[in-house]
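Colleague: Please model the entire structure based on the sequences and the hints provided.
Residues 6 to 141 (my numbering) make up the sequence shown, in order.
Honestly, I wouldn't trust all of these hints.
[Claimed, not checked] Derived lysine-lysine pairs resembling DSS-like cross-links, with alpha carbons at most 25 Å apart:
hint	residue 1	residue 2
1	Lys106	Lys137
2	Lys106	Lys123
3	Lys137	Lys123
[Stated by the list, open to error] Label pairs and their calculated CB-CB ranges:
hint	residue 1	residue 2	range
4	Asp99	Leu129	17 to 25 Å
5	Met22	Leu125	27 to 35 Å
6	Gly120	Asn44	24 to 32 Å
If you are wondering where the hints come from, they were derived from the structure by calculation, not from laboratory data.
Because the structure is a prediction, the values reported are computed rather than measured.
Don't be surprised by glycine CBs; every beta carbon is placed ideally from N, CA and C.
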Amino acid sequence: MIESPYRPSPDRYDDGMTFRRAGRSGVLLPAFSLGLWHNFGSAQTFSNVQRMAHYAFDRGITHFDLANNYGPEYGTAEENFGRLMERSFRPYRDEMFIATKAGYDMWPGPYGNWGSRKYLTASLDQSLRRMKLDYV
6 MIESPYRPSP DRYDDGMTFR RAGRSGVLLP AFSLGLWHNF GSAQTFSNVQ
56 RMAHYAFDRG ITHFDLANNY GPEYGTAEEN FGRLMERSFR PYRDEMFIAT
106 KAGYDMWPGP YGNWGSRKYL TASLDQSLRR MKLDYV
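Modeller: Here's what the structure looks like:
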């Protein structure tokens, strides 16, 4: 079965989603964000992941919140989001505010945990690869 390309709702910004300025940054964020913790990892089918993300974006939710250890199975939420970027969201990347976090154990050894500069840099590099993004 050939999947038709995703086309978001043309009125996604007209349905009443409130946007607010975040602190002193000036960036506008929607009143609701989509957190991709337990519902977006390997425990879900990709079609469910895709359906939930499309539903949110079609209603003006443009902030997607991830972390390097979201899953279950660490990193799988970011991997699934990367698949979403490839299959659905790439043309709409500039409409999205994507955040990721780091801080918990990810790999063995002294550099796979907590908040050292090395850990954060390595985690960010890995997150960008998993999500197939250039920046967050």
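Colleague: Hint by hint, which ones does the structure fall short of?
Modeller: none
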